[in-house]
Every structure is written in C-alpha cells, then in structure tokens.
Amino acid sequence: MRIRSTGKPLVYWTKLSEMDGDTYYHPKDLGRFSEIGKDAPELWEKFNAWYSAVFKEGALSEREKALIALAVAHAVQCPYCIDAYSTASLETGSTPEQMTEAVHVAAAIRGGASLVHGVQMRNRVDKLSM
Amino acid sequence: MALRTLLNVRSPLADPREQRARLQALPLQKTFHEALESAGTRDLRATGISVLQINVGKRCNQACRHCHVDAGPDRQEVMSAAVVDACLRFLEVTDIQTLDITGGAPELHPSFRDIVVRARAAGKHVMDRCNLTITGLPNYADLPDFLASQQVEVVASLPSYSARQTNSQRGDGVFEESIVALRRFNALGYGVENSGLLLSLVTNPVGAYLPAAQRALESDWKRELQRRYGIVFNRLYTITNMPISRYLEYLIESGNLESYMDRLVAAFNPSTVDGLMCRYTLSVGWDGRLYDCDFNQMVELETRGDVPRTIFDATRNALDHRSIAVGPHCFGCTAGAGSSCGGATT
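As you go down the protein sequences, you meet chains B and A in turn.
According to this note's numbering, the first sequence is numbered sequentially starting from 5.
According to this note's numbering, the second sequence is numbered sequentially starting from 100.
Straight-line C-alpha distance at most 25 angstroms; calculated PhoX-like pairs for lysine-lysine: (1) B:K60 with A:K321; (2) A:K321 with B:K69; (3) B:K42 with B:K32; (4) B:K69 with B:K50; (5) B:K50 with B:K60; (6) B:K32 with A:K129; (7) B:K50 with B:K32.
The set of hints was computed from the structure by calculation and includes no laboratory data.
All values derive from a computational prediction rather than experimental measurement.
I would like the entire structure built from these sequences, with the hints used as guidance.
Below, the structure is given as structure tokens:
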C-alpha cells in the first residue's frame with residue numbers, strides 16, 4: 005500500500021485528543037488501515053491487489069499518479085489520503101509548487117461544479133419568472 | 100544565506116559521539132546487523148577498492164541545512180600536504196581507477212588543482228564534488244575551465260529544480276547562482292552528449308522523506324532544466340539524506356527523527372546490500388584516518404578489525420576485503436532503491 009503516515013499529526017487533531025482523547029479522525033488510524041481486512045479478508049486482498057496495480061507505472065508515471073491522488077484526496081477531503089499523497093508526491097519527485105497547482109485543479113473543479121449548477125438555478129428561475 | 104555550523108553554535112550534536120548516541124537510543128524495529136542477516140549477510144565486507152574518496156577539508160562557502168559534514172566557512176580542518184601526498188602515492192601504486200574529491204568545498208583546498216593534475220597524470224578518473232556557487236567566488240572564476248582542461252567529472256549538488264526548495268536547503272540565492280554556474284559548465288561542453296565532459300547532478304530530498312526513483316526523476320529533471328533554463332546534464336544521482344550531523348539536527352528540531360528512522364528501517368531493501376558503496380570505496384579523512392565511507396567518517400566510525408587506520412599505513416592486501424563498520428545511519432543507504440555517493444544502487 006502506498007498509504008502511509010507522515011507521523012506528523014495536525015495541531016487541530018492533537019488539541020482535540022488532548023481535550024477528550026476522542027475524535028473521528030486520528031493520524032495513527034492510517035497505519036491501522038489493514039484492520040479493515042479482519043472481517044472481510046478476501047475483499048481486502050482484492051482491494052489491495054487492485055490498489056497496488058493502479059499506482060504502478062503505466063501509461064502514467066508514478067509521479068503523475070501520485071499528483072492525481074493528491075488532487076482527488078483534496079476533492080474528497082480525506083485527511084489520511086492528503087497525508088499519504090503529500091508524502092508520495094514528494095517521494096516521487098514533485099515539487100511543492102506542482103503539488104499546490106494540483107490542489108488548485110481539484111479546488112477549481114469543485115468550485116466549477118458548484119457554479120455550473122447555477123445554470124440549473126437560472127433554468128428554474130426563468131421558468132418561475134415573468 | 101545562513102552560514103551556521105553545529106560547531107559554530109556549540110551544539111552537542113557537533114560531537115559525533117552525541118550523534119551516534121542519539122541514533123542508538125532510538126527504539127528501532129531492528130538493528131542494521133539484524134537487517135543484514137535477514138538479507139543473508141552476516142558480515143558485511145568490502146569486495147575491493149575501485150574508488151578512493153578523499154575528504155580534503157570541512158571548509159565550505161556554504162552551510163547547507165542537511166550537510167552531513169557540518170561544513171561551513173568557519174571550519175578549519177584542511178588535509179595536510181603529507182596526507183595529500185600519501186593519498187596520491189596510494190592511488191598511483193594501485194589500480195584504483197577513480198579519485199573522488201570531496202569536502203567541504205574541495206576546491207578551497209590550497210592544493211586542489213595539484214591533486215587533480217597529479218591524479219590525471221596517473222591516468223585516474225577524477226570526480227569533483229562541486230557546490231557550484233564556488234565558481235562565483237573571487238579567484239575561482241576559472242575553475243570550470245581548469246576542470247574542463249583536466250577532463251574532471253563534475254558532480255554538482257542541486258537538490259531541486261525549484262528555486263524555493265533549493266534555497267531552503269542550501270541558502271538564499273544559491274539556486275540562482277547555481278544556474279549561472281551550470282550555464283557556464285554547459286558553455287564549456289559539460290553535460291553535452293559526446294563532449295567527454297561529464298556533468299552529474301546530485302539531489303537530496305528537501306525534507307524528511309525518501310528520494311524519488313532515480314531514472315524517472317532524471318527524465319523529469321532533464322526536461323525541466325532544459326525547458327526552464329536551457330541547461331543540460333548527463334546523469335542525476337539521487338541520494339538519501341543520512342540521519343547524521345546537521346540533517347540529524349533538522350530531524351530532531353522538526354520532530355521527524357523517529358518517523359524518518361522508522362521509514363528507513365521499514366524501507367530496508369535486501370537487494371541494495373551488494374551495491375553498497377562501502378564495499379568498493381575507501382574514504383580518507385582530512386587528517387589521514389581511514390573509513391569505509393564518508394558518512395562513517397563524519398560519525399567517526401573508523402575502519403574496524405585488524406586493518407590499517409591511516410592512509411600512511413594503507414595497503415590493498417589489508418583493506419580489500421575488510422569487514423565494514425556499520426551503525427543505525429547505514430539504513431540510509433539500504434532504503435528503497437538504495438543510496439550512495441553515486442546515487443541509487445539498484
């Protein structure tokens with residue numbers, strides 16, 4: 005698996021943990037990902053094999069795939085994936101500038117996806133308006 | 100440009116014993132000996148000597164944040180004429196093919212050019228580990244011409260083709276000066292196919308992570324340096340940062356030491372063991388002491404067993420198959436694709 009912890013918890017999470025030791029997201033949980041396989045080992049193995057194959061160099065390089073994963077991680081707002089693919093992007097040779105541009109691509113698509121629904125709004129407004 | 104060494108600020112980490120103690124105290128999953136045994140190697144031994152690497156001193160015009168030498172402008176250690184002569188005599192009477200000159204900035208050694216000329220006259224391949232900015236100093240402007248005239252391989256440090264990353268590791272303005280220097284080398288034919296003048300670039304990760312795959316990265320770098328700056332080069336060497344000296348200080352201060360070491364240990368790759376540089380390199384310190392590599396030299400882990408301790412006593416018979424001294428820092432050379440002064444080892 006490429007997913008791995010940077011071992012550097014976000015300050016926000018640390019503070020929450022210090023307050024009550026209970027939080028939905030904890031960086032250490034990334035290292036426990038394989039526990040998902042305990043009650044469905046066959047599905048986990050299939051996921052693992054597919055996941056590993058996806059990130060191997062093919063028509064796209066490992067670096068390009070890590071950048072796509074980084075952008076998607078931001079689009080789906082997965083903190084584990086952001087940690088994992090920030091590290092993976094650096095370790096496959098991307099610069100912080102390239103990674104930041106990838107995040108902007110994700111953000112632009114998310115923003116555009118909201119905005120383009122404005123056409124639907126306009127359609128409805130047009131239908132209801134004189 | 101920050102010009103601060105551990106020695107200069109009286110950091111406890113300036114003492115190699117403190118560095119070794121900090122690493123030994125870490126609760127690693129396994130020792131390096133255990134890792135070697137898992138790879139089927141009980142006793143790591145040299146297989147000969149094809150590279151003589153001489154560290155001619157710790158003085159440098161830069162003070163990079165990751166420097167494993169703790170080099171800087173304030174360092175006074177310089178290889179004496181007697182040690183230089185002993186190194187060159189050893190080189191001349193053996194069939195060792197390569198002289199790798201490092202430092203500090205090796206060109207600051209008063210006899211640097213004499214060393215190069217004598218080694219080339221003996222028919223040896225000579226590598227100069229150049230920080231590039233040295234060529235911008237007064238009295239060093241003709242250095243590229245000299246290196247070209249002697250057909251010296253230039254092994255130049257450039258951590259990233261991103262200015263911000265390079266400058267954050269090596270000091271403000273270093274990237275821009277490095278680009279000027281690389282253009283100068285290119286103008287002389289360095290890095291140009293079939294010119295006979297080899298220009299190799301060395302990249303270290305700018306932070307607490309492993310380097311990218313060397314081949315893939317080289318291709319990206321050739322494209323980007325050409326596209327952005329019109330610069331060409333022959334080879335890119337990726338080198339893993341060793342958890343010693345100033346990089347160790349960075350790991351401790353940034354809270355990354357344990358996770359970085361865990362990463363190195365978890366990424367131990369048995370197939371790197373055959374190509375470890377300590378197996379074919381003899382490293383000589385500024386004071387003539389012998390080591391299995393430049394990293395062992397900086398943590399003062401001398402050659403072990405009943406073998407010569409200084410270049411004055413060195414013989415091929417005694418050193419060719421010596422047992423290698425190892426420590427936790429050695430995981431830096433066995434992680435992932437492996438690492439050496441010549442880049443990835445697998």
